[in-house]
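Q: So you can see what is in the structure, the chains are spelled out below.
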Amino acid sequence: MNLFLLNTLLAIAWSALTGSASLMNFLVGFIIGYAALQVSNFQSAREKYFRRVPKTISLSVFFLRELVLSSLRVAQEVLSPKMLSTPRIMRVPLEIRDPNQILVLTSLISLTPGTLVLDVTPENDAMIVHTMFVEDPEAFRREIREGFEYRVREAMS
Amino acid sequence: MLSEILTIVLLIAGSFFGFTAALGLIRMPDIYTRMSTSGKAATLCCGLLLAAVAFLFEDIQITAKAVIAILFLLITVPVGAHVIGRAAYREQVKSWEGTKTDGEE
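Same order as they appear, the protein sequences are chains A and B. Numbering follows this note's numbering, with no gaps: position 89 of the first sequence is 89. Numbering follows this note's numbering, with no gaps: position 56 of the second sequence is 56.
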C-alpha cells in the first residue's frame with residue numbers, strides 16, 4: 001500500500017510539474033511513476049505491489065466483460081415474450097477463507113446480472129447463489145472457482 | 001468529435017439497460033429474479049450515464065465526481081442486493097415454481 005501512495009504522489013507531482021490537472025495527464029504521470037518505481041530499489045514491498053497491480057487490472061477487465069455479457073443476456077430474457085431462464089438456487093463451495101476476499105467475491109458475483117448471492121454459511125465455506133441461466137450446476141461451480149475466485153485470490157493475497 | 005460519439009453511444013446503451021431494468025421489475029415472476037434483472041442492470045445504466053457525463057464535459061471536477069459516484073455504486077449496490085436477497089431467503093419467500101434447487105439448502 002505504501003508504494004501505491006508513493007505512486008499517487010509521483011502522479012500528482014507529474015501533474016503539478018506539467019501544469020495540467022486533467023485525468024489523462026494524471027494517468028500518464030501514474031504510468032511513468034509506476035515505471036520509475038519498478039526500476040528503483042524497494043526490495044521488500046515492491047514484489048507484492050508489482051505482482052498485484054496487473055492482477056487487479058486483469059480482475060477488473062474480466063469483471064467488466066462478465067458484466068456486459070450477462071447484462072445483454074438478462075436484457076434478452078426481459079424482452080423475449082417467453083420465460084427462457086432456468087432459475088436455480090444452489091450451493092457453491094468456497095476455497096478462499098479470508099473474509100475480505102469473500103466480501104469482494106460475493107459483491108462481484110452479486111453485481112453480475114442473473115446471479116445473486118443469497119447467503120454465506122457461518123463457517124465461510126460455501127455460499128447460496130440464485131442464478132437465472134445455469135443449466136449445469138457443476139459447470140457453474142467450476143466457472144466461479146476458475147474465473148472469479150482464482151482472480152480475486154491472485155489480486156488480493 | 002470522438003468524445004461526442006462516445007457520449008452518444010454511452011447514453012443510448014445506458015438508457016437501454018435502464019429500460020430493461022424497469023421492464024424486468026414488471027415482468028419477472030418472483031423476488032429473486034426481480035432483484036437479478038433490475039438491480040444490476042440499473043447499476044450498469046447509472047455507470048454508463050455517469051461515464052457519458054464525464055466524457056461530455058471533459059472537466060476534471062465532473063470526472064472526479066462521476067468516478068466517485070460509480071465507485072460508491074459498485075460498493076453499495078451488491079451489499080443492498082445481498083441483504084434484501086438474504087432476508088427473502090431466510091424468511092423463505094416463495095420462489096417461482098420453475099426454480100430448481102439442489103436439495104441441500
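These are computed hints drawn from the structure, not numbers from a lab. What you are looking at is a predicted structure, and each value in this text was computed from that prediction instead of being measured. One or more of the hints may lead you astray.
Unchecked claim - Derived list of chain B stretches under chain A, where covered just means 3 residues or more per stretch with a C-beta under 8 Å from a C-beta of chain A:
no., stretch
1, 23 to 35
2, 40 to 46
3, 73 to 80
What the hints assert, rightly or not - Calculated lysine to aspartate or glutamate pairs in the EDC-like style (CA-CA distance at most 20 Å, straight line):
no., chain 1, residue 1, chain 2, residue 2
4, B, K94, B, D30
5, A, K55, A, E66
6, B, K100, A, E138
7, A, K55, A, D136
8, A, K48, A, E154
9, B, K94, A, D119
10, A, K48, A, D119
11, A, K55, A, D98
12, B, K100, B, E4
13, A, K55, A, E143
14, B, K100, A, E135
15, A, K82, A, E135
16, A, K82, B, D30
17, A, K82, A, D119
18, A, K55, A, D119
19, B, K100, A, E66
20, B, K100, A, D136
Even glycine gets a Cβ: it sits at the ideal position worked out from N, Cα and C.
Q: Kindly indicate which numbered hints from before are broken by the structure, ordering the numbers from low to high.
A: When the structure is compared with the hints, numbers 7, 10, 12, 17, 18 and 19 turn out to be violated.
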